[in-house]
Every structure is written in C-alpha cells, then in structure tokens.
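Listed in order, the protein sequences are those of chains A and B. Going by my numbering, the first sequence opens with residue 6, and the numbers climb by one from there. Going by my numbering, the second sequence opens with residue 2, and the numbers climb by one from there.
If you're looking for bench data, these hints aren't it; they were derived computationally from the structure. Treat the hints with caution; some may be incorrect.
Claimed, not checked - Under the rule of at most 30 Å between Cα atoms (straight-line distance), these lysine-lysine pairs were calculated in the DSSO-like manner: (1) A:K104 - B:K85; (2) B:K270 - A:K140; (3) B:K204 - B:K164; (4) A:K140 - B:K261; (5) B:K261 - A:K144; (6) A:K254 - A:K373; (7) B:K37 - A:K154; (8) A:K251 - B:K270; (9) B:K114 - B:K194; (10) B:K85 - B:K155; (11) A:K104 - B:K89; (12) A:K254 - B:K270; (13) B:K85 - B:K36; (14) B:K270 - A:K144; (15) A:K199 - A:K221; (16) A:K12 - A:K228.
Nothing here was measured: the structure is a model prediction, and the numbers come from that model.
Spelled out from the first residue to the last, the chains are:
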Amino acid sequence: METKSKKQRILPAGEFNVFLRVLQDAGYETIGPTVQDRTIVYDTIVSSSDLPAGWTDEQAAGSYEIRKTGKSLLFDFNVGPHAWKKYLHRADLLLWRAKTNGSGFSIQEEDDSPSKKAFIGVRACEVAAIQKQDKIFLKSQFTDSAYQKRRANTLIVAVNCTKAGGNCFCASMNTGPSVLSGFDFALTEILDDKRHFFVVEHGSKLAEELLNKMPKLEEASAKECALVREKMNEVSENMGKEVDTKDIKQLFYDHYDDHIWDEIATRCMNCANCTMVCPTCFCTTMEDVTNLTGTEAERWRRWDSCFTMDFSYIHGGSVRPSDSTRYRHWITHKFAAWHDQFEESGCVGCGRCITWCPVGIDVTKEIKNLRKSKATV
Amino acid sequence: MSNHNGNPMLPESFSVKRIKNETDDTFTVELQPSKKVLDLSFEAGQFNMLYIFGVGEIPISISGDPCSTDSLVHTTRVVGTVTKAMRKLHVGDLIGVRGPFGNPWPVEEAKGKDVVLIAGGIGLAPIRPVINYIISNRNKFENVVVLYGTRTPKDILYAKEIKFWEKKHRIQTFVTVDRAIGEWEGNVGVVTKLVARTPFDPKNAIAMACGPEVMMRFTVRELQKRGIANSSIYVSTERNMKCGIGHCGHCQFGAEFVCKDGPVFRYDKIAHLFDVWEV
Numbered sequence: 006m007e008t009k010s011k012k013q014r015i016l017p018a019g020e021f022n023v024f025l026r027v028l029q030d031a032g033y034e035t036i037g038p039t040v041q042d043r044t045i046v047y048d049t050i051v052s053s054s055d056l057p058a059g060w061t062d063e064q065a066a067g068s069y070e071i072r073k074t075g076k077s078l079l080f081d082f083n084v085g086p087h088a089w090k091k092y093l094h095r096a097d098l099l100l101w102r103a104k105t106n107g108s109g110f111s112i113q114e115e116d117d118s119p120s121k122k123a124f125i126g127v128r129a130c131e132v133a134a135i136q137k138q139d140k141i142f143l144k145s146q147f148t149d150s151a152y153q154k155r156r157a158n159t160l161i162v163a164v165n166c167t168k169a170g171g172n173c174f175c176a177s178m179n180t181g182p183s184v185l186s187g188f189d190f191a192l193t194e195i196l197d198d199k200r201h202f203f204v205v206e207h208g209s210k211l212a213e214e215l216l217n218k219m220p221k222l223e224e225a226s227a228k229e230c231a232l233v234r235e236k237m238n239e240v241s242e243n244m245g246k247e248v249d250t251k252d253i254k255q256l257f258y259d260h261y262d263d264h265i266w267d268e269i270a271t272r273c274m275n276c277a278n279c280t281m282v283c284p285t286c287f288c289t290t291m292e293d294v295t296n297l298t299g300t301e302a303e304r305w306r307r308w309d310s311c312f313t314m315d316f317s318y319i320h321g322g323s324v325r326p327s328d329s330t331r332y333r334h335w336i337t338h339k340f341a342a343w344h345d346q347f348e349e350s351g352c353v354g355c356g357r358c359i360t361w362c363p364v365g366i367d368v369t370k371e372i373k374n375l376r377k378s379k380a381t382v
Numbered sequence: 002m003s004n005h006n007g008n009p010m011l012p013e014s015f016s017v018k019r020i021k022n023e024t025d026d027t028f029t030v031e032l033q034p035s036k037k038v039l040d041l042s043f044e045a046g047q048f049n050m051l052y053i054f055g056v057g058e059i060p061i062s063i064s065g066d067p068c069s070t071d072s073l074v075h076t077t078r079v080v081g082t083v084t085k086a087m088r089k090l091h092v093g094d095l096i097g098v099r100g101p102f103g104n105p106w107p108v109e110e111a112k113g114k115d116v117v118l119i120a121g122g123i124g125l126a127p128i129r130p131v132i133n134y135i136i137s138n139r140n141k142f143e144n145v146v147v148l149y150g151t152r153t154p155k156d157i158l159y160a161k162e163i164k165f166w167e168k169k170h171r172i173q174t175f176v177t178v179d180r181a182i183g184e185w186e187g188n189v190g191v192v193t194k195l196v197a198r199t200p201f202d203p204k205n206a207i208a209m210a211c212g213p214e215v216m217m218r219f220t221v222r223e224l225q226k227r228g229i230a231n232s233s234i235y236v237s238t239e240r241n242m243k244c245g246i247g248h249c250g251h252c253q254f255g256a257e258f259v260c261k262d263g264p265v266f267r268y269d270k271i272a273h274l275f276d277v278w279e280v
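Pulled out of the complex, with its shape left as it was, chain A reads as follows:
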C-alpha cells in the first residue's frame, strides 16, 4: 500500500497552463524544456505551448536527434545538453568588483539576489544530480552562498521519464527512473486512447499550499496509480545502457595504471564536452578581469574542466600533462573518488557524457572494458 498521506491527484493535460500560472502567480519564473536549434534545452517558458509537445529525442554514443512523434505528449523525451546546474551553479558568476583610488583599492561584493525559479520537467537523474551538488556546496565544510541563495529560491517540478533514452543508465546508478525524493511536485504523464493527464504527487509543504490554489483536482484512483507504477517498471527494464556498480570504487583504484587509459586517450579529444554537460561536474576557475585603464577589476567564477592543461598547472608545469591521465582523473573522480569524498557516486546515469562526446566515448563500455582488464595496482 502507498502511504495515505501522499495522495496523488490527476491534472488533465489541458490544464497544465493553470498549474504553470499558479506557480507564476506565486512569484516563480517558470523554466522548462524548449526546442531550440534542434535540441531540447532549458529556458524560460510562459505557457505549455513553449514545451516540446509532440517531440521526442533519440540518443546514441556521440549522437542526438529530435523528431516529431505525432503524439501530443509534453515530456516524451529524456535529457538534452543542458543541466539545471546552469541555474544553480552558474557557468559565469561575478563574485566581486574592485576599484583603485590611486594608492589602494576597495572590494565590493556583487549584489546577488536571484529570482525565484520553478524548474519544470526535472528528471529523476537530475534531481539526484542537484542533491549531489547540494552536498558539495551546502553540506561540506564551506557553504557556497551563491548556490545557497539560488537553491533556496528553487521549486522543483519533477517529471518521471516515461521512456528510457538510448544512453540512459539511471537504473544502474540507483537514481531513477522514478523520482522518489527531493522534489516539490512529481508528475507522471499518461496518454491513453481517451485521456491525456498527469498523475501529480506533492513532496513539500509549499507544494501542498500551491496545490490548494488550483481548481480542485480529483484524486488519482488505485488503477491510475498502478498505471504509473507499471509505466515506471517498463522504463526501468528498457534502459539504453547499464553499469555494473559492484565494488566499482575498487575497480577504478585497482586499474589506476591500466594501459586502457592510453587507449582511450587515442580517441578522447580533450574537448571537455563531457564535463560541461555533466549535471554533477562542479569545477570552476577564477578569472580576474581589469578595464583598459587598470582602475577597475572584476573576479568572475567560471565553469572549468579537468580536461585542460591549465586546470592542474603549478609552477613547473601541469600535474597531468598526458591526455590519458586527464581522462583517468575525470572518470576515476566520477565513479570512485567521489565515494571517498561524498560517500556516493558522482554519476547519476543520465548519459549526457556519452551523447555529447564528439567521438562517442561511452563510459558504460569503458567500465566493462575495465572489468575485463587485469588489475595493475
């Protein structure tokens, strides 16, 4: 039996706009998937007509395409190149400005007051990714105030994936396909012969209050709830990829000196795409910019990637000058060192790094190869 306290309700697809309006009236900028340049990316949406209705995506290693399905589903696709970190852990963030008055200088913290945002269509793997970044920026020794402010102003409207993508392996990473925690709303979209609707679950007090502002939604029947479970089981069984996570940390540590890294390096272009699209990659650099007369300076924090030589530069050179050790560093951090640092995997199984790798390097395949290779350490 499902718990009685979390009753699920039915939102007819035709009333999705009413739902968006309730969020907007509560002061939230609504952000969701939109079709741009033949990809599905996150941007401000005003109404449900901004959503990729009737679109789906097809993903394989190094390949992404969207196509029309002829159906009216609003969320019939998986994740694109954008991750929600672009709103929470900004790619470019001005930290402070400094001005010189001749002899000295003064530093002024940048006024940072982010607006309230409702993320519409957050997938289970993405909720997990947000929770992983929460651990880094909110629950470690130091707090990232910019992240904290944005996170506090975020409402998460999760949408369960009702199809599994070609590069998806959330089931292996235990992060999906069903959204189980960390959401304000969790929606499952159902389209059958007669009806198109969402089964809505609320996961926070705030969500409950917002639901009360909606015209009364009928309660989901046992049959409808069963339909959701059935759908999700189906998705779980149709994952495009899988990873055997048994003793995966030790697997990487045992193969630290493996020849496999040299082989991957012959394919890897060090383009850093995987780190940019990864929803958990969090590395940044600091960039100091001055005006032409040298009287004003700014400190920007920008996303950075461990695939660059500069990333590990110290006096005397880069710590990881080889392509192979930079790849090793990235994947070992994601699947092994993350466990030591944050007591969980750094991978959520979204498959973005596989899709957006220009040469189609597939982490799930590389892990399989690693398992076949003899331990070196």
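Place chain B on chain A using the hints.
Just chain B now, kept in the frame of chain A:
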C-alpha cells in the same frame, strides 16, 4: 581570520607593513589589516590566498609565528605574474587576503617527541611556523632537528635566524647545498642524505617534510629506512588552487582536496598516491 565568518570568497584588505628580500629570488612580506581589527590567528602549515589588484590571486603558505599574530607573514619565491607584482609592492600598498585555509602540521601531536623537520628550497617557509611554535614552547618537545637543503649558499632562507635556532633554542640545524660556492664549508648534496645521520629516536619521533615532490618522495624513503612509521611522517603538498574551500576542484590529489584535506597530509593516508605518476 574573520573572513571565514562572512564570505570566504571575498578578500579582506591588508596593507604592506614590511617587505624585504630574503635571497635573489625570494622575499618576505608582512601584512596588517587595513581597517578592521581582525583575528589573525592561524595554525602552522596553513595558507592564505593573496590577491594583487588587477593581477591575480595565488595560494601562499603562512611563514610567520602562530604564537604572535599581530601581522601576517608570507615568504615566497618570485616565479609567476602575481609573485613578480608582489615583490614590487611598497610599504602601505594594499593586498587582498582570504584565509587561512588548510589542514595544519601536527604540532600538538609532536609534543613530547623528537621532531624532524625537513625542508627543500622555499619549502622552509611553510615549516617556519612550526619552528616558531617550538621556540615558544621549547620544553614541550624533545630533540628538534631541522634539515634544510637549498641550491647554493646564496639561496639560504632566513640565514641569520637559522643561527639562533641552534644557539638559543636547542634546535639542531643542518644545512646542505646542491652547489658549494664562495666560502661554503658545510654539507653539499641533497637534503635527503642527511636523514641517515640525524639524531632522533624513530620510535618516538614525528617528521614533517616540505619541498619539491621528488625530494619528499626520497625523504620518506630515508625516514622509513630509519624505522619511523608512515603514520609519524607528514608532508605538505602543492596543487593548483583557485578557491581554497574545496569547491573549485582544481587541487584534487586522488580523492583528497589539497586545499582543505591538506596541504599537510599524514603520509600513510596518501602513500598510495605518492609514487603514482600524474595523479
């Protein structure tokens, strides 16, 4: 320092109180808070992020006295854009400071034990606060030895001070140079070679080493040969750092964030990484 209470990414304003050349390419800068009264306490082995207006920010270890913190003391070598600009500063010039950050040397744990301090080149700067701490609490430590290696006699840091360590504070100091020039009559050769004949009880000693990674690798081997346990050896490591608070990812050394888990590590915790290439 108080900026930990606010935003650790925002530099505090300090002014140059004193600046002096130590050797041809090293200098010491002493800083005092510009306006506010700040708590300048730090632990030996910690570092600050120093910002020069319009140039940039770099991590530099604190080389002052943890028992007397009315100013911040940093000794550094002129190697990059920021350190070049820093050496050109004058008394009264402003500098931005974030910190102190990082895991310190185990000075408390070293009490009641022999202490072996091994430094290579500018690596003496992060070790000096330990020496200062020992000087202020000399009776709490047993035999204290400093082994210091540098390129030539001209490159010896804190040359005048070193003489007092031995004479006044019973800190045996052995200096060695790679190349003897001038009237040098002391040791010649790598600092690691001094370990074999250093007077300490391996069963009741703590060793702390700071210098180039290759020097520390050999130092550890020499210390092991003397029978000192890996868990009694500490090393200070260097990695690229941008934030100092474990958020930017640059300083990762295996699963360790050098900025907050280090820079000082107990050797047994990182032994598996120490001999591996390009970690």
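Q) For the pair supplied as a hint, K104 of chain A and K85 of chain B, is the alpha-carbon distance within the 30 Å limit? A) This hinted pair holds, its Cα atoms lying about 21 Å apart.
Q. Does K114 of chain B pair with K194 of chain B here, judged by a C-alpha cut-off of 30 Å?
A. Distance of about 22 Å is within 30 Å: holds.
Q: Decide if the proposed pair is consistent with the structure: K199 of chain A and K221 of chain A, CA atoms, cutoff 30 Å inclusive.
A: With a Cα-Cα distance of about 21 Å, the restraint between K199 of chain A and K221 of chain A holds, given a limit of 30 Å.
Q.
Need the status of pair K254 of chain A, K373 of chain A: alpha-carbon distance at most 30 Å?
A. holds, 14 Å
**Q.** Hint consistency between K85 of chain B and K155 of chain B [alpha-carbon to alpha-carbon, up to 30 Å]
**A.** holds, 20 Å
**Q.** Restraint check for K261 of chain B with K144 of chain A, where alpha carbons must lie at most 30 Å apart
**A.** holds, 14 Å
Q: For the pair we were handed, K204 of chain B and K164 of chain B, check the Cα-Cα distance against 30 Å.
A: holds, 28 Å
Q. Holds or violated: K251 of chain A with K270 of chain B, Cα cutoff 30 Å?
A. holds, 24 Å
Q) Does K270 of chain B pair with K144 of chain A here, judged by a C-alpha cut-off of 30 Å? A) holds, 23 Å
**Q.** Hint consistency between K12 of chain A and K228 of chain A [alpha-carbon to alpha-carbon, up to 30 Å]
**A.** Measuring from Cα to Cα gives roughly 13 Å; hence the hint holds.
Q: Take a quick look at whether K37 of chain B and K154 of chain A sit within 30 Å of each other, Cα to Cα.
A: Status holds; Cα separation ~27 Å.
Q | Holds or violated: K104 of chain A to K89 of chain B, with C-alpha atoms at most 30 Å apart | A | holds, 20 Å
Violated hints are absent here; each numbered hint is respected by the structure.
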